[in-house]
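Construct the complete structure from the given sequences, taking the supplied hints into account.
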Amino acid sequence: MLPITPRGFKDVLPGEARWREAIVSATRATLSLWGYAPIETPTLEVLEVLEQGGELTSTPFRLFDTDNELLVLRPDVTLQVARMSASRLSREDLPLRLRYVERIYREEEGLKALSRQVTQIGIEAIGLAGAEADAEVVLLAAEVLGAAGLTNFTLALGTVGVLRELLALCEASGAVDHEWSRAMLRAFHAGNLVAINQLASAPSLAPRYAEVLRALPLINGKAEALARVDKLVAPLGIRDGLEQLRATWAIIEACGLAAQVTVDFSVVSAYDYYTGLVLEAYAPGLGKALGNGGRYDRMLEGFGISAPAAGFALSLETIMQALLNEDALQNRDAPGLVPAQPELRLVHIEDDDPAAAFIEAARLRAEGQAAVLGTGTGGQA
Amino acid sequence: MMDAAPLKIAVPKGSLYADSVRLLTRAGLDTAGLEQPGRQLMVAAEGYRFFIVRPTDVPVFTALGGVDCAICGYDSLAEQGLELVELVDLSFGACRFVVAEPEDARNSAEATYQRRGVMRVATKYPAITQSYYDRIGVQVEVVKLHGNVELAPLSGLAERIVDITATGATLRENRLVVVDEVLASTARFVGNTASVRTDPRIRALAGSLAALVS
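Each protein sequence line maps, in turn, to chains S and H. Taking the numbering used here, I'd label the letters of the first sequence as residues -2 to 378. Taking the numbering used here, I'd label the letters of the second sequence as residues 115 to 328.
In case anyone wonders, no lab produced these hints; they're calculated from the structure. On a predicted model such as this, the values are computed, not experimentally measured, just so you know. Hints should not be assumed to be uniformly reliable.
If you want the footprint, here are the derived chain H segments under chain S, 3+ residues with CB under 8 Å [unchecked claim]:
#1 175 to 182
#2 188 to 198
#3 302 to 311
Not close to chain S: a few residues of chain H, all C-beta gaps over 12 Å, as computed [claimed, not checked]:
#4 K127
#5 Y131
#6 A132
#7 A146
#8 S222
#9 A223
#10 R230
#11 Y247
#12 I250
#13 V256
#14 N262
#15 E264
#16 I278
#17 N288
One-sided and incomplete, this derived list gives chain S residues near chain H with beta-carbon spacing under 8 Å [stated by the list, open to error]:
#18 E106
#19 T151
#20 V191
#21 L215
#22 N217
#23 E277
#24 Y279
#25 G284
#26 K285
#27 A286
Every residue gets a Cβ at the ideal spot worked out from N, C-alpha and C, and that includes glycine.
If you want it as structure tokens, here you go:
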């Protein structure tokens, strides 16, 4: 058999590993400055336990252990952190600011050739609510991308509250059923404007609802986009989430980040656990998001304690691809974060006194000089 | 800064090509280079870069960011199920996915299914075919072919086919009759999520296209 890795998995050799390490340590430093503490989560989880927090979209790797538990390779860290916070920590510990770098395992439908392993750099802010907490998540996501070396990225913000309330109103009007609502939500998730238009044409649906459903996913912009949404949904009495998003935007704008953030009401995350803010990060030429996040105030309830929570997760591999795209666009040789290979001093081991070389190498290293031992007869470098 | 680069648009070669170019022209794009591209697969215009792509490859070009947006048949979108933003139904390029079987062997597929419990179906679109049969609860063996699917029932390779038809002429010529409708397809204007959410030019183009086809 050929010595291959499983489909969608790869080895990381020193050239890439150094770069990964540099990006991860730069982002860690930023997160630490914001007061986020490191955590690690298990690679495997009991599927039934994890599902208490929310629906899992893709779990390509499932296995039974000898206890006959159905386990999954973690497809998502957020659910794990919710489980961890609910089971290991008490209310007095709140608020918690946690950060992690973990590999997750996913499969994208239709793209079988792509990686099934993603390294996520993420945070969870547990026990923090309100626009200030939402703004912290957004500003921190921007700082982390900046720390990784990216200059050209956009954060798109939305809130799931508006659409949820609108769909509830449509159902309450008796014109459409829950099945229709689910189809509409799926169309928003998929970014399928054609399907949204078709569903909005349901014969008995009041035109004032249909009009808002058609207009909502097209709204994209800065503060004026918020005003447009407000004008659109205020007559229907929808307020959920909008006030908080406006207050969040005000903080972001005051912090000078408005240029890199847009409000976009087509952002409805693929995960059903979000309850307020939703956030997606984009860089040019990638097609897909660098990462995403948002607020999930009810997830911990599934695990037995009630606490608001928000966070984001960014893909290290996608960030690296975005950095390479930036290099190509700006004719840059290599991103600033690629560490130079340390200059190595070779210390020869003499046959009559091998220990001397070790002592000499130790002295060099104590001075900060990287040193390797060699017999001088090849093989060592 | 993001807007400085030319907008990359994939145009499907083949049956949707002429209508796609016509519509882009009416939307105000400089498509002169697309009229007679010859062997050239990439055509540059002021502010745009057009890529002439095989129809079935358009979704992957778009989803992975090779291009920002594209015109693509719904058939290719449905078959590949990639994460894309479907912006406008362009109405042209209408065709239907149908199930067909040989005229002189009507109902023999049904009879075989009763006995064998599984039906063999040939198609260029295995995902659409499988999801159709899953929906109606019929067990099938889907055989993927790359073209001339009509040959499968004629040769005995499969009992039925699932294929695209615009006028039904090819089916008639091969003495095949339509048994059921699977889905209807038209051309769509699509973009990848990142480009749609970060590049206002795509929304603007979607707006002009929607106004032209409505």
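- prompt: Looking back at the hints listed earlier, which ones does the structure fail to meet?
  reply: Per hint list: zero violations.
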